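**Q** This is what each chain is made of:
Number of protein chains: 4
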Amino acid sequence: MIFFLANSRFNIMKLWDKGQTTEKSVERFTVGNDYVLDRKLVLYDVLGSLAHVKGLEKAKILTKDESSQLQKALVQIIELDKNGQFIISPEDEDVHTKIENQLTQQLNDLGKKIHTGRSRNDQVLTDIRLYTKDQLLDLEGLLYDFCKALLEISNNSIETPMPGRTHFQKAMPSSVALFFSSFLESMLDNLAPLRAAYVLNDQCPLGSAAGYGVNLPLDRDYTSSLLGFSKVQNNVLYAGSSRGKVELEVLSALSQVMIDLSRLANDLIIFSSPEFSYFTLPDEYCTGSSIMPQKKNPDVLELVRGKCPEVLSYHYRVAGIIKTLPSGYNRDMQDIKEPLMKGIETTMSCLNIMTEIITSIRVNSEKLTEACTKEIYAADEAMDKVKQGIPFRDAYRQVAENLHRLESKEPSEAIINKKLVGGPGNLCLDKSRSRMDKETRYLKSEKERFRKTMESLMSVK
Amino acid sequence: MIFFLANSRFNIMKLWDKGQTTEKSVERFTVGNDYVLDRKLVLYDVLGSLAHVKGLEKAKILTKDESSQLQKALVQIIELDKNGQFIISPEDEDVHTKIENQLTQQLNDLGKKIHTGRSRNDQVLTDIRLYTKDQLLDLEGLLYDFCKALLEISNNSIETPMPGRTHFQKAMPSSVALFFSSFLESMLDNLAPLRAAYVLNDQCPLGSAAGYGVNLPLDRDYTSSLLGFSKVQNNVLYAGSSRGKVELEVLSALSQVMIDLSRLANDLIIFSSPEFSYFTLPDEYCTGSSIMPQKKNPDVLELVRGKCPEVLSYHYRVAGIIKTLPSGYNRDMQDIKEPLMKGIETTMSCLNIMTEIITSIRVNSEKLTEACTKEIYAADEAMDKVKQGIPFRDAYRQVAENLHRLESKEPSEAIINKKLVGGPGNLCLDKSRSRMDKETRYLKSEKERFRKTMESLMSVK
Amino acid sequence: MIFFLANSRFNIMKLWDKGQTTEKSVERFTVGNDYVLDRKLVLYDVLGSLAHVKGLEKAKILTKDESSQLQKALVQIIELDKNGQFIISPEDEDVHTKIENQLTQQLNDLGKKIHTGRSRNDQVLTDIRLYTKDQLLDLEGLLYDFCKALLEISNNSIETPMPGRTHFQKAMPSSVALFFSSFLESMLDNLAPLRAAYVLNDQCPLGSAAGYGVNLPLDRDYTSSLLGFSKVQNNVLYAGSSRGKVELEVLSALSQVMIDLSRLANDLIIFSSPEFSYFTLPDEYCTGSSIMPQKKNPDVLELVRGKCPEVLSYHYRVAGIIKTLPSGYNRDMQDIKEPLMKGIETTMSCLNIMTEIITSIRVNSEKLTEACTKEIYAADEAMDKVKQGIPFRDAYRQVAENLHRLESKEPSEAIINKKLVGGPGNLCLDKSRSRMDKETRYLKSEKERFRKTMESLMSVK
Amino acid sequence: MIFFLANSRFNIMKLWDKGQTTEKSVERFTVGNDYVLDRKLVLYDVLGSLAHVKGLEKAKILTKDESSQLQKALVQIIELDKNGQFIISPEDEDVHTKIENQLTQQLNDLGKKIHTGRSRNDQVLTDIRLYTKDQLLDLEGLLYDFCKALLEISNNSIETPMPGRTHFQKAMPSSVALFFSSFLESMLDNLAPLRAAYVLNDQCPLGSAAGYGVNLPLDRDYTSSLLGFSKVQNNVLYAGSSRGKVELEVLSALSQVMIDLSRLANDLIIFSSPEFSYFTLPDEYCTGSSIMPQKKNPDVLELVRGKCPEVLSYHYRVAGIIKTLPSGYNRDMQDIKEPLMKGIETTMSCLNIMTEIITSIRVNSEKLTEACTKEIYAADEAMDKVKQGIPFRDAYRQVAENLHRLESKEPSEAIINKKLVGGPGNLCLDKSRSRMDKETRYLKSEKERFRKTMESLMSVK
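Respectively, the protein sequence lines represent chains G, U, Z and E. Residue numbers for the first sequence follow the working numbering, beginning at 146 and rising by one. Residue numbers for the second sequence follow the working numbering, beginning at 146 and rising by one. Residue numbers for the third sequence follow the working numbering, beginning at 146 and rising by one. Residue numbers for the fourth sequence follow the working numbering, beginning at 146 and rising by one.
Hints in this document: simulated from the structure, not taken from any laboratory. There could be a bad hint or two in this list.
Repeated chains share a single entry, so a pair holds when one copy, or any two copies, can fit it.
[As the list claims (entries may be wrong)] Think about it this way: if two alpha-carbon atoms lie no more than 25 angstroms apart in a straight line, the pair counts; the simulated SDA-like pairs of lysine to any residue are:
(1) K597 - P362
(2) K564 - D366
(3) K159 - K512
(4) K217 - I535
(5) K169 - L252
(6) K159 - L551
(7) K576 - D347
(8) K159 - G534
(9) K169 - E546
In this text the structure is predicted, and so the values were computed from the model without any measurement.
Taking the hints into account, I'd like the entire structure generated from these sequences.
**A** The following block contains the structure:
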């Protein structure tokens, strides 16, 4: 009952229509929610089509005038889409069909020419690559915002003590800054996988057609460069088979981001509980209980933690789809779209809300200082004995046997004493800062380059 | 951009409202798409509320008259929902809030009494249990429809030969009936996990409140029996902690169903390809290519295959959410709803479409007979030598050394000769038939029982 | 370097030897670590072979005397194996080859007859079913031991207060008994999936040969009953295709067990940390740090938590292997053995060590009572107002606005007041006890039945 | 029974020994199979220790003479290990303990000094980083060997036709070279994730101690450079928390490699089956059946396909372990070692065997040419009509309506005509060749650099 669309009439022309009828149940099943996801691809489908039209013009398959008419009609679709007036319904099947039908309605025979030398396979590949590029650029921006928040809270808490833990037991003296900047460095290291995904994605599949090319003199280098790709994805079969491979790489990088967020969220849930009270979430970031009047719950953090397996499950799903697919396009690939899109959206929303959380969280220095009870100085004590010439293992056992004699210390002093590189007394936050500066400059220029390329594509001559 | 709801006004009363404001971004993030999923729970939330109201009446917390008024208002909501007039919007937060607010608007102070002795925790648990029960009963029906189709095609092809394969190489003579009835028996074996999930789900969590009970004399056995549950889920903390456990069991059973469907779909894709042509999918069950005019593609089968990792990924996601959750409710649990619901819907739609496929697929006896080339009789030949007294391993080597001398045989004879139980010559399809008869009778009575219980709950006195 | 076996000589006769040579690298790759895993199957392979020999005798393919000789030789192998003298080396390929070669060495031509009407496919299927049955019976015993420990600690702490939590915040008054018995009931509910797996596993695949039967009059009902199976797995192709399906069901049930253990371990890690000190792990269940003399770490609990994703990953691995396998045997299936065996072993070792932990953990009543701070009574307070006639939602808001006025209470009183079924004041531990009694009796009889059947199989006449 | 080590005596000194006893069952459970895995870390543990000793000398904690003695003893351990004489047994707990105990036995008090300023946490982190680096360098070498085999077979089959498929239906003319070089390009694209993993791994954690540094003047830049790392992993807590993060990245890259291998294996299984016979696996790369004398099975390919979910499952296992771990070391992390090591070994063995397969597979040109039946030219035909001025969509429908009139063509001509970049007539294999040349040069220099650094570390002055 849930999956039957009421009253849908599937009487719109399919791109593969040859005069036969198809079972309604088959149409419903095969379209699924693809038409909904495709709403996010309208802009990118038009951009890909603009490049393809210019390519057909260069190959003299379209005249300059035909090309110009098609481009104008395509740019209009972008405008309609911006205003929410370009609606894809289930009977449209997908964004590609909808656009071709629209062009044919508007321009008659000319509309029927746009699919020359192209398959929906390379078309959707191009759409998703452009979509992914655009999203990854935005996501990287959100990642730096989050890193800035972590850098700031670290900078403000360099001398704020915090018991360092191992095995969830109190272990050694540490600092709030060491805690938050550990997540900062982890998050910055996510750039490596994110860039690997970006590079794999930054290849132009346009012109690969159904995975076997076409017998037309299309200039793939030309269209690739119009679309701002770093290079053509060379082998036309690989272009098709790589559907899923690139998405998997994106989801792998997103998984790393989500794991970091999940671990931070989990730590903060515990450290903001009444037994710790190291941190306080402002009231406006908490929600309540329907039955317990006193509750102030860290729902945001719990949801972030719960969304980590969501993104991981998208990775698993895509890997599961592609791992034994025969070479060439297979319809299973349609279902790669949803995990990719949802993975990106979920990660972006989590980065966003966690930036707000880190920006507004309160650090309770008093509670943190109190929590630095004397047993956390045991290892320091053993090292002090080492400095007096006692072999470490003997020093260790002497301290172990005299734990009751350990004296309480000034935690900030213990922090400052750890002067080795990256230790609580020498955090080297500048390394992260200069890395962020460099990377944000790069991101800005990459975004600018992408924006200009797209604008130039949309300017019809 | 994608995840910000435009112009949403969050000025509706939350159940945990204490006069403080919450960040809009937090509200958006925490509600997510929960309000959409909750549309499917309206009926079940009302049913749970009806039982709770009757329980409050029995506990003398509500008068008979108050109870009656609340029940009438609740039943009206079912009517509104049936007609699509009970809309939950993001600012409503969830179905529970929407309904309580509706009752309070309509009945003033009386509406404010309904949440007595209840938490949203046990409320949503109850909703999901009822939803799951209802869906599992429907799904089992679809499973039998599919089994019937498999039984019929098996019955019609008992003597239709088909080369049996191992390692995807031709191995031994087999039959179309052996092939399809192997999936029939596998599908029937899925009843064991499905029933295990059903049993776990068939426990009433109502009255567990926030996982710690309440200091009111609520009769949990009474409300459980009103709702048709087999038993009360006893320990109130376990009731809360089992969120996700039951769903995981459901998804595990669904995974088995989907794996069977995926394997059958994969076999049929290969066996209906031009190189095999064992089976033909009717035109109306195929789709075409946008660029290749000759294509007739088995998209339905490919999508079924691709949806198997989807359902598996829901299992992974739920396991990932719960596996280290602290005891008691945690907000991460909200995100268990989507994988459960989607897992059920996807499996049902796949069962449904595969039943259509099996019902309409054509068996090409000629091609299948041709495919039974002589090498597939080698093992039979070795066994024949055994009958003449040669030790098997020697017979094996003799046949191996004289493969070129193997003679072609009548495949149907080779099939008939395999008379051992469950062999191609003795399929014992009646075992499956009588199992299906017994199980469908049970299902029918269980469905009837559920329907009557729900009706009786809705009849306000 | 790691994966090349030094000096291995592969000159032993393979069951599929036809006089050709195979690349050494191929032999090494295909055997993998299978020969190691097969050491655990020797007993079961012999048992299956004993039944097969008796079946061949009944079918008059072996004489009574031949049968008797083979049975004696087989029983000797069990003895050798018991004493660690039956070693499978990589060049033996697998347990089946090793045993057939041993019999042929010992009995000449007679040894060459044992594989009549059998394939390694149905042979290994039978081995694994017997192995799995034996292990599941043992595992269920360990599960009850664990449940007994949970029941005892619950019984001893019915009035010991503990703050109940939701969202990891203090929520409502609870008890140590409610906490532990919530895990008890969850663990007992794992019987449903375990039994579903047991039922699927309890079908005899012997006689299905390579998935297509044989042209010999083998009596499958007879051998199935000799081996103590509940029924023959009917369709011979399904018998082969179900490799992985049954294992998946076992791993799904084990995942539920491991998730429960993981959650309990995670709770205990937190609740035994210095900030809580609700529980104390005895020194002999803790390990230390190599650098910090004061540390007492709950390594056991952490490892149990870390082994939950291990078992889950076996589930995903098996699902990943089978989900698109063509019908009939495929060599990929060999790699199902390891995840099954490791999944069972890991779960058994975790159940075992957690039973020790629960048996020896100390409950710190004083700390637990102190932790019951006054805010946890807020919901009770609201309910008290309800009893005075105030609508719940108003009562809730009144309490919320006057949280500072909440008074501290006697926690044990708050516990006792929750008299509804399954609440802290009415835990109904007897329900679990009687369930355990019933189930352990059943398990004992099932074990006894299995033992007697195996003994009778081994008694050669 | 399985998990109890017989007769183990745990009376060797633990690094955290303080005179208390530990339960034997706890020791067995916590050690698990760690001692076996640690055998592969001996070399790397010694290398890390050599750098640490030199660091202690630089910090004047050890005298030049003490340092020299320790270095000599450490280098001896490498020799023992090479000769298989350095055995870690369960009672040794792990490689770190074994080595420290060995040094203490040999050098008395001096041995007890080596752990100064170090924890097993940063020690094992360093071991695993060095191990991973070494393995990744080897693995990349195997990857290029595989790529070379793919390049060669592609070069030799540029004009060998092969029907291109979509939806597993025949689609368009293609070539054997297009097929194999599609996998070549995919494999080369795996360098992006592999290098991302390499970069994350190439950071020195030594000196981070238990995640909170030590109060000693250790020069982390110095030891990092001695060990050949590109940089110090700065934040000491991040160093500890990144256990699992780096491994996950490695496993993600390996998953991509395995997915490519699995897809190729799956294609080859199908395309070498009798119905296709496009390719023939040489006899020495096939195995047989125990019951069917005629069988020649592609077991190697099936096992490669089955090992893809194995490696994927390691990814999920590691992700599952770390995703909610509290900051700082947790014992769960011990279980990250096995999935990492097995993932690397499995991938290396699969790359290796697949290189052999590709090198020895036979291409059956005749069968491939025959398979190019006329319907695969339909799209070409439509494009030809386009060249005559017919709008594509009309040309498509004209061809579709006259499929029976399609004429057979010379496939090699159809291949040659596809001249666009990356099409079958213009494969641009030189792009891959020059990429491989560049990358292998880089790999060679990186390996050389690593070897020299390690040698220099081992040369005691």
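**Q** Taking the hints in turn, state whether each one holds.
**A** Here is how each hint holds up against the structure:
1. For the identical chains of this complex, K597 and P362 are neighbours neither inside a copy (28 angstroms) nor across copies (52 angstroms), given an alpha-carbon limit of 25 angstroms.
2. Within a single copy, K564 and D366 get their C-alpha atoms only as close as 54 angstroms, which misses the 25 angstroms cut-off; across copies the closest is 13 angstroms, which meets it.
3. In this homomeric assembly, K159 and K512 never come within 25 angstroms of each other (Cα to Cα): the closest approach is 67 angstroms inside a single copy and 32 angstroms across copies.
4. In this assembly of identical chains, K217 and I535 lie within 25 angstroms of each other by CA distance solely across copies; the values are 22 angstroms between and 83 angstroms within a copy.
5. With identical chains, the CA atoms of K169 and L252 are never at most 25 angstroms apart, being 29 angstroms at best within one copy and 46 angstroms at best between copies.
6. When the C-alpha separation of K159 and L551 is checked against a cutoff of 25 angstroms, the pair qualifies only between copies, where the shortest distance is 23 angstroms, while the shortest distance within a copy is 80 angstroms.
7. For a Cα distance limit of 25 angstroms, the shortest separation of K576 from D347 across copies, 17 angstroms, qualifies, whereas the shortest one inside one copy, 29 angstroms, does not.
8. When the C-alpha separation of K159 and G534 is checked against a cutoff of 25 angstroms, the pair qualifies only between copies, where the shortest distance is 22 angstroms, while the shortest distance within a copy is 84 angstroms.
9. When the C-alpha separation of K169 and E546 is checked against a cutoff of 25 angstroms, the pair qualifies only between copies, where the shortest distance is 23 angstroms, while the shortest distance within a copy is 79 angstroms.
Violated hints, listed in ascending order, are 1, 3 and 5; each of the other numbered hints is respected by the structure.
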